[in-house]
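Work out the full structure, taking the sequences as your base and the hints as a guide.
Residue-level listing of the chains:
Protein chains: 2
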Amino acid sequence: MTLADLTQRTGEWLRGAGPMQEVVISSRVRLARNLAGMPFLSRCSPQQTAELEKRLRDEILAAGPAKTMFYVDVAAAREIDRRLLVERHLISRQHAQSSHPRGVAISDNETVAIMINEEDHLRMQVIRSGLQLSQAVEEINRIDDLLEDRLDFAFHSRYGYLTACPTNVGTGIRVSVMLHLPALKLTGEIEKVFQAAHDMRVAVRGLYGEGTDAAGDFYQVSNQTTLGKSEEQIVEEFRDQVIPQIIKYELTVRQALLKNQRPVVEDKVFRAAGLLRSARLISSEETLYLLSMLRAGVNLGLIEQPDLKIINELFLLTQPAHLQKILSREMDRQARDEARAHYVRSRLGTSWPN
Amino acid sequence: MTLADLTQRTGEWLRGAGPMQEVVISSRVRLARNLAGMPFLSRCSPQQTAELEKRLRDEILAAGPAKTMFYVDVAAAREIDRRLLVERHLISRQHAQSSHPRGVAISDNETVAIMINEEDHLRMQVIRSGLQLSQAVEEINRIDDLLEDRLDFAFHSRYGYLTACPTNVGTGIRVSVMLHLPALKLTGEIEKVFQAAHDMRVAVRGLYGEGTDAAGDFYQVSNQTTLGKSEEQIVEEFRDQVIPQIIKYELTVRQALLKNQRPVVEDKVFRAAGLLRSARLISSEETLYLLSMLRAGVNLGLIEQPDLKIINELFLLTQPAHLQKILSREMDRQARDEARAHYVRSRLGTSWPN
Chain A
1 MTLADLTQRT GEWLRGAGPM QEVVISSRVR LARNLAGMPF LSRCSPQQTA ELEKRLRDEI
61 LAAGPAKTMF YVDVAAAREI DRRLLVERHL ISRQHAQSSH PRGVAISDNE TVAIMINEED
121 HLRMQVIRSG LQLSQAVEEI NRIDDLLEDR LDFAFHSRYG YLTACPTNVG TGIRVSVMLH
181 LPALKLTGEI EKVFQAAHDM RVAVRGLYGE GTDAAGDFYQ VSNQTTLGKS EEQIVEEFRD
241 QVIPQIIKYE LTVRQALLKN QRPVVEDKVF RAAGLLRSAR LISSEETLYL LSMLRAGVNL
301 GLIEQPDLKI INELFLLTQP AHLQKILSRE MDRQARDEAR AHYVRSRLGT SWPN
Chain B
1 MTLADLTQRT GEWLRGAGPM QEVVISSRVR LARNLAGMPF LSRCSPQQTA ELEKRLRDEI
61 LAAGPAKTMF YVDVAAAREI DRRLLVERHL ISRQHAQSSH PRGVAISDNE TVAIMINEED
121 HLRMQVIRSG LQLSQAVEEI NRIDDLLEDR LDFAFHSRYG YLTACPTNVG TGIRVSVMLH
181 LPALKLTGEI EKVFQAAHDM RVAVRGLYGE GTDAAGDFYQ VSNQTTLGKS EEQIVEEFRD
241 QVIPQIIKYE LTVRQALLKN QRPVVEDKVF RAAGLLRSAR LISSEETLYL LSMLRAGVNL
301 GLIEQPDLKI INELFLLTQP AHLQKILSRE MDRQARDEAR AHYVRSRLGT SWPN
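These protein sequence lines are chains A and B, in that order.
By the numbering used here, the letter at position 223 of the first sequence is numbered 223, and the numbering carries on one by one without gaps.
By the numbering used here, the letter at position 149 of the second sequence is numbered 149, and the numbering carries on one by one without gaps.
Calculated directly from the structure, the hints in this document are not laboratory data.
What you are looking at is a predicted structure, and each value in this text was computed from that prediction instead of being measured.
Cβ atoms here follow ideal geometry from the backbone N, Cα and C, with glycine treated the same way.
There may be inaccurate statements among the hints.
If you want the footprint, here are the derived chain B segments under chain A, 3+ residues with CB under 8 Å [stated by the list, open to error]:
no.	segment
1	67–75
2	253–266
What follows is a list of derived Cβ distance ranges for each label pair [unchecked claim]:
no.	chain 1	residue 1	chain 2	residue 2	range
3	A	301	B	330	47 to 53 Å
4	B	80	A	256	31 to 37 Å
5	B	196	A	309	41 to 47 Å
In silico DMTMM-like cross-links for lysine to aspartate or glutamate, where the CA-CA straight-line distance does not exceed 25 Å [stated by the list, open to error]:
no.	chain 1	residue 1	chain 2	residue 2
6	A	259	B	338
7	A	259	B	313
8	A	67	A	12
9	A	67	A	152
10	B	259	A	338
11	A	229	A	338
12	B	309	B	332
13	B	67	B	22
14	A	309	A	152
15	A	259	A	199
16	B	259	A	332
17	B	67	B	53
So this is what it looks like as structure tokens:
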């Protein structure tokens, strides 16, 4: 498995078949860890940074936290490949844009990704399709244990795991789910979710994390407190209280919309289907928005085609770097918009339920 | 032939097969006439107005200016029928909304319409498909002669025909063409046409005449001067200079667009086609706009279907009064928007060139 194989398929988390998949796209858990006896990255000399990258890479590959893993040297990768990894949520934007030695170890099915030299020495992530927080936590704990057998992590008896940013100190854990909330968005009820999230110390972000807008009605919801609670408490509260409430709210509003404003919702869904099939120029932002409406339509039973799997794939494959990889050429914006429109039409086919 | 038959077909002027039909929808000529020895309508007593209506109706039907004519008593007509006549350009909005005795005599193919008691005692109109100003003028002169054999028109040896509004005094003639100018609109060049029109004493108005906006890139261009020039001069200048210049300008910009921005234009055309086929709720304004893009696409050779005849029919049949007549029920706005979307889909069919 190499980077080149990535464009041939989507990761496990996009297969669109996990629990509660009509609202929950994916569940993600990540841990932040730093080596004891080494400065945080912002204080490392170039030599220390390079040393860290080499040592951690070797240890991860030797520990084999996933059966088959491959490693991408992010510093040496082409820009388009770094973007590809961001679009797949395998590395962060910050990691893509840095300039020091760094990399990421990825499991074959992309459920595990371990960034080396992001904000912390190690950022381990497990991502799974649908609502699978417990399974994701189990897996990340297994990985953490395997690595801890070989590495000495910076740990303080009172504060817990030490991290570069104080908001991660403690367990260093962040749990998050990617939610699809078209009904809450359409009705404006999403504002109440923002308010409640703030009160519950939960962060709501856009599709690509910190500093990005919610595109196509997708929202990343994650915990903010890491200090003063155990890992179990954090995950339990998030999994058993916060997320079920938001899911229930979205589902209730969907039913109310169907009951009271069916023609309005149908109109949006079928227009999205029509535009995706007819546009000759289309941006990735508009594609995301239209696919989101289409996904809502399928989940509401308003439209039968296409399969959710195709919609999920298109979310990823119409992103700029993926599109260029699939078509094996680099393009400027207008050329991409034209190629994207053509690609979407070719994937959705010409026969359409009317 | 009666009012009820009107919704079964479109008038001659919408058949979309006249000269220069890729730019010129229709040519229209109208004359304003008043009876000598009777006050203008604003000064008539109710009795005189009623008398005028009866007398003019009888004379017109007896004179038989068109082989077969039918008469609509506009004052007695239902509101939806009056709107229907406005949508077909057979009476003006003012005529529809007045409250005094009034009517309109219409030829079977709708090329001739003679309004009684609009602003003047008589407003005769000939409307033809495409660029056919000379033919329209010939026909209206024939009608004018036939009526003048029976009626004594108010005429002043120095000022010419006397009319209620001074802008019509003289020949009482107004020539106009309905132009489809999508390329000039898209590029913003239409502003130059407005400026030039102003300099040439030509008025540019929207689809339904005075006080209406240009909807769907349709513009009504008409002469403003009636005093101090002969009928022939007015028509010649308008027909041989003003209109050909605008047509040439539009065609030049269309070719430039095709050469330099083909994907952008194609995108607009195919999106319009897609939306018309997929919307579940659609206003008459949006329908007009989308049909206009579709018409442009057919004329530019970008899209083969549908036939221009169908597009022209839909322009008319999707208007509120027509839609309700066709479907034989009166509806509120949302019900109309839903019914309109359904009707458009049924007319455009489900197989679409891709």
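Cross-check of the supplied hints:
{"no.": "1", "hint": "67–75", "in the structure": "violated (count 0)"}
{"no.": "2", "hint": "253–266", "in the structure": "holds (count 3)"}
{"no.": "3", "hint": "301(A) / 330(B): 47 to 53 Å", "in the structure": "violated, 32 Å"}
{"no.": "4", "hint": "80(B) / 256(A): 31 to 37 Å", "in the structure": "holds, 35 Å"}
{"no.": "5", "hint": "196(B) / 309(A): 41 to 47 Å", "in the structure": "violated, 57 Å"}
{"no.": "6", "hint": "259(A) / 338(B)", "in the structure": "holds, 16 Å"}
{"no.": "7", "hint": "259(A) / 313(B)", "in the structure": "violated, 35 Å"}
{"no.": "8", "hint": "67(A) / 12(A)", "in the structure": "holds, 15 Å"}
{"no.": "9", "hint": "67(A) / 152(A)", "in the structure": "holds, 23 Å"}
{"no.": "10", "hint": "259(B) / 338(A)", "in the structure": "holds, 16 Å"}
{"no.": "11", "hint": "229(A) / 338(A)", "in the structure": "violated, 51 Å"}
{"no.": "12", "hint": "309(B) / 332(B)", "in the structure": "violated, 28 Å"}
{"no.": "13", "hint": "67(B) / 22(B)", "in the structure": "violated, 30 Å"}
{"no.": "14", "hint": "309(A) / 152(A)", "in the structure": "violated, 42 Å"}
{"no.": "15", "hint": "259(A) / 199(A)", "in the structure": "violated, 31 Å"}
{"no.": "16", "hint": "259(B) / 332(A)", "in the structure": "holds, 20 Å"}
{"no.": "17", "hint": "67(B) / 53(B)", "in the structure": "holds, 21 Å"}
Checked against the numbered hints given earlier, this structure breaks hints 1, 3, 5, 7, 11, 12, 13, 14, 15; the rest are met.
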